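Given the structure of chain A, go ahead and fit chains B, C, D, E and F onto it with the hints provided.
Protein chains in written order, with numbering that gives the first Met the number 0: chain A, 0 to 270; chain B, 0 to 270; chain C, 0 to 270; chain D, 0 to 270; chain E, 0 to 270; chain F, 0 to 270.
Careful, some of the hints might be misleading.
Any copy, or any two copies together, can satisfy a pair, since identical chains are not distinguished.
[To be verified] Within a straight-line C-alpha distance of at most 20 Å, the following computed DMTMM-like cross-link-like pairs (lysine to aspartate or glutamate) qualify:
1) Lys128 to Glu170
2) Lys161 to Glu43
3) Lys161 to Asp56
4) Lys161 to Asp47
5) Lys2 to Asp47
6) Lys143 to Glu43
7) Lys161 to Glu186
8) Lys161 to Glu64
9) Lys143 to Glu186
10) Lys143 to Glu265
11) Lys161 to Asp126
12) Lys143 to Glu165
13) Lys161 to Asp146
14) Lys143 to Asp74
15) Lys128 to Asp56
16) Lys161 to Asp82
17) Lys143 to Glu73
18) Lys143 to Glu170
If you are wondering where the hints come from, they were derived from the structure by calculation, not from laboratory data. Treat the numbers as computed from the prediction; the structure is a model and nothing was measured.
Protein chains: 6
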Amino acid sequence: MSKRTPTLIGLPWDSNSSYLRGAAAAPPLIRQALFSPASNSWTESLIDISLPGNLSDAGDLTLPENDDALLLIEDGISRLARDRGLPLALGGDHAVTYPVLRALEPLHPRLNLLHIDAHPDLYAEFDGKRFSHACPFARILEEKLIDRLVQVGIRGMNGHQKTQAERFGVETIDMRSWAAGIRPRLEGPLYISIDLDGLDPAFAPGVSHREPGGLSVREVITLIQSLPGPIVGADIVEYNPTQDVSGLTAWVAAKLAKEVIARMLETNPQG
Amino acid sequence: MSKRTPTLIGLPWDSNSSYLRGAAAAPPLIRQALFSPASNSWTESLIDISLPGNLSDAGDLTLPENDDALLLIEDGISRLARDRGLPLALGGDHAVTYPVLRALEPLHPRLNLLHIDAHPDLYAEFDGKRFSHACPFARILEEKLIDRLVQVGIRGMNGHQKTQAERFGVETIDMRSWAAGIRPRLEGPLYISIDLDGLDPAFAPGVSHREPGGLSVREVITLIQSLPGPIVGADIVEYNPTQDVSGLTAWVAAKLAKEVIARMLETNPQG
Amino acid sequence: MSKRTPTLIGLPWDSNSSYLRGAAAAPPLIRQALFSPASNSWTESLIDISLPGNLSDAGDLTLPENDDALLLIEDGISRLARDRGLPLALGGDHAVTYPVLRALEPLHPRLNLLHIDAHPDLYAEFDGKRFSHACPFARILEEKLIDRLVQVGIRGMNGHQKTQAERFGVETIDMRSWAAGIRPRLEGPLYISIDLDGLDPAFAPGVSHREPGGLSVREVITLIQSLPGPIVGADIVEYNPTQDVSGLTAWVAAKLAKEVIARMLETNPQG
Amino acid sequence: MSKRTPTLIGLPWDSNSSYLRGAAAAPPLIRQALFSPASNSWTESLIDISLPGNLSDAGDLTLPENDDALLLIEDGISRLARDRGLPLALGGDHAVTYPVLRALEPLHPRLNLLHIDAHPDLYAEFDGKRFSHACPFARILEEKLIDRLVQVGIRGMNGHQKTQAERFGVETIDMRSWAAGIRPRLEGPLYISIDLDGLDPAFAPGVSHREPGGLSVREVITLIQSLPGPIVGADIVEYNPTQDVSGLTAWVAAKLAKEVIARMLETNPQG
Amino acid sequence: MSKRTPTLIGLPWDSNSSYLRGAAAAPPLIRQALFSPASNSWTESLIDISLPGNLSDAGDLTLPENDDALLLIEDGISRLARDRGLPLALGGDHAVTYPVLRALEPLHPRLNLLHIDAHPDLYAEFDGKRFSHACPFARILEEKLIDRLVQVGIRGMNGHQKTQAERFGVETIDMRSWAAGIRPRLEGPLYISIDLDGLDPAFAPGVSHREPGGLSVREVITLIQSLPGPIVGADIVEYNPTQDVSGLTAWVAAKLAKEVIARMLETNPQG
Amino acid sequence: MSKRTPTLIGLPWDSNSSYLRGAAAAPPLIRQALFSPASNSWTESLIDISLPGNLSDAGDLTLPENDDALLLIEDGISRLARDRGLPLALGGDHAVTYPVLRALEPLHPRLNLLHIDAHPDLYAEFDGKRFSHACPFARILEEKLIDRLVQVGIRGMNGHQKTQAERFGVETIDMRSWAAGIRPRLEGPLYISIDLDGLDPAFAPGVSHREPGGLSVREVITLIQSLPGPIVGADIVEYNPTQDVSGLTAWVAAKLAKEVIARMLETNPQG
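So here's chain A without its partners, still in its complex pose (with noise of 0.2 Å):
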């Protein structure tokens, strides 16, 4: 059976961001520094993303401004999936999420979600959109689309998203808890949600909503080095360039990407 690749694919949607638009533009410039001569490919666990077999790039799906957009990543995804891609999504805001979501089902009717933010994403509607980038996962725990909903670096949580977290039976690891030692304990297979907002906007000024008091860098890289596996797929969105005033966001997108790869490489059969 031949091995599942790390696959890049780039949905560039912001179409329901509830505050500023941007993230749209995102996966170019992710890439731009994922591949920069300022840096070398190799990850911290030293794998040669440059190899053939451990990185391809599905490109970016051409979406339309309205919510025909959700079917289309889905499709994408779904397509990606059969072939052996293990997505690795480029936001788009987060409203992506749940048509990843809705692809990986049925290949992965058992999954648990480690989800990195410092919203938790749980509206059941917002501005009277129920696919804002404020509800993804209030869609994806109705559907059932994941067995267990993990999220680490709230701190922007309400009480309606309470009411849901508890309705939903979240596992809510704010950063009150993290900053008290509390880490999350998780078992595959998984997928990674990771907003740039759950870092503390010191380390990615280039998000719609900054809240500071969040995550550093290092500890959400400790975090992606210490999941269990196998990770079968991931997203990392609500990179907003026109918030990235020295440009420092991309290349933070960047990093957490290559050491996503990392873990998916090294939690996945090869050969």
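Just chains B, C, D, E and F, lined up with the frame of chain A:
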């Protein structure tokens, strides 16, 4: 007896800044971030600060370019406190803390002060000015406006200020002690004075005196959330928008303000 | 015997940078921050570096756009060391460290080196250049200019450099080890080489190669303050002002310089 | 009869901004640039504005987050004008101009207004607000507070506002006409209202609505210097520090303020 | 006969950029500015581009990291033009113009081209690449895809390109000629290719090759508004968001797009 | 007789800056832009400055933090000029122009000087310093080092400097005159001194004293290209990288340097 309400009051005054001006422009920018739709109105302990009675706003004082401002600040805070407000002053530079404490002393003859800052601000005078932003805690201690002064985040001590600190019995937890795990032991009633340069400038670049090697936002939040009460007043000072290239520091000030408000509500008798 | 004095010497040379130039412009900007009235002249251990005998300045060397610069640096540092200066070299890029060590070897035949960096800089050659800023520690180890090389902050290792590290017996504390609590054990005499990209780019954005996931400023300061002596020389390199949108990195370089000077004064026999 | 003195008055109010807030923070930053030691106190026509009698400062008004601010502005300007001040209002957004003109109308029943802006600000209402910053000149013309309205720099006209302009007899010199060499013919008494977005955003990036293709700073200065008198009042509005990444726009606002002051002094009977 | 509609089409391709990449990320950011509520939907000639039939959007093409992209662009534009669209291509770098012109040639065998740029882009090859962004007009002229090439804004000519320009009969209005008042005389049918670095980088900093001394935004708008018709296609290329620290250039690209759309509508037979 | 060669010489000195330091860091950054692959090596008049004999580089002088630097600059320029170099000095602040002129006076007893600047720099002294960057032209005229001083771009004149200008017979073309179409009439031999703040800060934000309302880059280039010869020396000063948020000003300095070199080559007898 009616409940005391956390109340914003802007003190747009930087006439006694020693190096750069700009802090006077801070209050509207902090308010803008605090009430921005980019975030929601709930604190980390799940208090909704938009609920009636949880937060008032007394506007900004009109302050002249001379030391008459000190009396106007003292009067303004006195009035606010008499009206059962718990003042959360938004600077302006650190020179505003002295008149705020003068206003609170009659109501709180026994008061401890937690001071977060890179600098002790204990100069007997600076550039010939007794009310410079480098001097407020010397004035406060000379007039015995507080019982204990505990300083956290210090990394710009010098000989003169060391002598002052010893003379006044200041309890200093400098960054070396902090990095070694030392934390303050405090009891209420308590006033919190947060100079944003106590944070590392990676987290809060928009300050007049950038001193690398400071606290993270999360460390300050954890400290605030751990404080005993009652918290009877607070200030957040030295936000200088002219140095805030990425606009990040306004969000940091607003986040700290929100958590201070939460702690005020939690530690003051309600109803 | 007269006392050895920490002495600034600027090495404005970046001809052998591989990706971006700009580091040659660093020395005057670091000096400007070090002596700025925004801060004071005292270290965290309360030494006043403005006192006579605590700090000298040998100015900047005039260096050509070719490898003749290597000899000129070696000569300049030799002269400075003979005059009883403890060199604190301000880069320039990392290529300057090799000639500095050549100059120090005759005076310090037994020398250990603490190297803080995101990258091992151990390439046998890079882009066909043996004196590239990616190669200095290969040269230093080939010529046995030091006894031990201990690297901290590494997160850009690759296969070739891993082989080099093993061949030369380099002791690597990469960021994964650092995050797990590993710290270097060092003894003097000691040379410190600080590449600012060892810091996370949130703390030091002004570098040519931004590699997220690095050290905080406080972590580096704590490490410096813990070093045994005598510290016989140091460099702070790779500050690239063209990438320092917010101007923050100059302050970081100056802060680290001040703490290195403090540690030099504390660990060298005085008078 | 005593001389009328140009007088700064800050109107830190942006509650009725339609797209971005931030203009409320402008007044202290404009003052800081105006009095900065980076420049001197002489105008281009060699008047020293630091001489007694050449410039007063009435401070900033304290304004609430609702339309009561309109009355407070009207009152504040009335008082200032009665005290023989020539108001130079520092916004705040453009909504402040309407109450300023209401205050001036009793003193200057015949008044012409030169309006420099990218937009006509003639909406009958905007987002349901009649006092939006998009509407002030509709209000001013409805109440016949001025005789002539001459607009310069316009490049964001639309159908509704065109209708309004025709209905009110507004004289529009849009950027196409300006580029073709058309200049306004004005006579006094004159009020000048400068929205900084009338300038090209290359010259004044710190505005809420960046509309490329506008005036240069020199073009605006030449226009101001050519105006007949008497200049009986002026405002400089819509400086939004949150958009002013390089800090340039504060200097532009201050420069224009200085030249307006010069023209006020030159065109008003002295002594 | 149905009317031809100006139609946006994104060409997110910068694989053949010679110095910096990033232009591939431009299309969503230009669209965001074009449809932002910060402005309105009317052109300077008072056409509302939001009215049905005035503007379509064909989305972004999906393009690979190799020269196959050239064929895909040619196909995409051919299809768009067959569907009666007037293509307004949003780059990507300047390499996209060659395949766009290949697509248009069959429909417009007689076509003149107005090229606004700092550089002639006439290299026979660059870095060994014939389809580099430095070469498109050599390819276009070799294949006789146009009748006349008129270049405006040139200030980076060199010997080789001068020879090419003479060989192909290119009409060059360099900045020295422009500053002396020379303007192009054009007749339709006309294609407009706007490289944003034709503008002075004060107006458009977000480009890969900043060449000071260029055109103002107003000069380019005046030129566009003066063009004879019919305008049968256009591109706006080389917007590089990674260099656009202040975010200004996205607004400039959108403004120019709006005026090009206006001129397309005015110069093409309607209905 | 051998040909005189335009020769770069860096003067990294800003010890006598009155408001902000930083200009000392300019020379390597200007060189980096001048030789960057982002542009090519040809001037607008199609001279290739990379050809042998068209440009030399004498490196940077090593200069101390006191007025001894003045003598070292004079000596360095004297040596360069004796070696048949045509000095193109890269500041540093404007204080360097006085010693440059002292060095040139013996070779060019009849010399006219074109001075582009926002400020006349004619103070008799400033902050008690006779060699401040605010004073060089007073020194130059007192010592009769030149015949005529023609100043262009002035918009920061004041009373004292007006008196000085009249006393020394300075010919001032301030921005009001420039905007009215006045241009200088000059004859050679000629020295050109370009303070980058003569440009509008939209074009050159990286200066210590931003004075809006200045020249465009194209206006300065047109002026340089129109100058009679021979051009016997020049300086480009006051580039302050710490204020150059977008990095634009380094490119402007390099562009002006290239055109000055072109004019030197065109106006000096060759071979």
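Going through the hints against the structure:
no., hint, result
1, Lys128 to Glu170, "neither (25 Å within a copy, 44 Å between copies)"
2, Lys161 to Glu43, "between (37 Å within a copy, 11 Å between copies)"
3, Lys161 to Asp56, "neither (38 Å within a copy, 28 Å between copies)"
4, Lys161 to Asp47, "between (42 Å within a copy, 13 Å between copies)"
5, Lys2 to Asp47, "within (16 Å within a copy, 50 Å between copies)"
6, Lys143 to Glu43, "neither (35 Å within a copy, 28 Å between copies)"
7, Lys161 to Glu186, "neither (24 Å within a copy, 32 Å between copies)"
8, Lys161 to Glu64, "neither (31 Å within a copy, 31 Å between copies)"
9, Lys143 to Glu186, "within (18 Å within a copy, 48 Å between copies)"
10, Lys143 to Glu265, "neither (28 Å within a copy, 38 Å between copies)"
11, Lys161 to Asp126, "within (18 Å within a copy, 33 Å between copies)"
12, Lys143 to Glu165, "within (15 Å within a copy, 50 Å between copies)"
13, Lys161 to Asp146, "within (19 Å within a copy, 41 Å between copies)"
14, Lys143 to Asp74, "within (19 Å within a copy, 42 Å between copies)"
15, Lys128 to Asp56, "neither (31 Å within a copy, 23 Å between copies)"
16, Lys161 to Asp82, "neither (39 Å within a copy, 34 Å between copies)"
17, Lys143 to Glu73, "within (16 Å within a copy, 44 Å between copies)"
18, Lys143 to Glu170, "within (15 Å within a copy, 49 Å between copies)"
Of the hints listed earlier, those the structure fails to meet are numbers 1, 3, 6, 7, 8, 10, 15, 16, in rising order.
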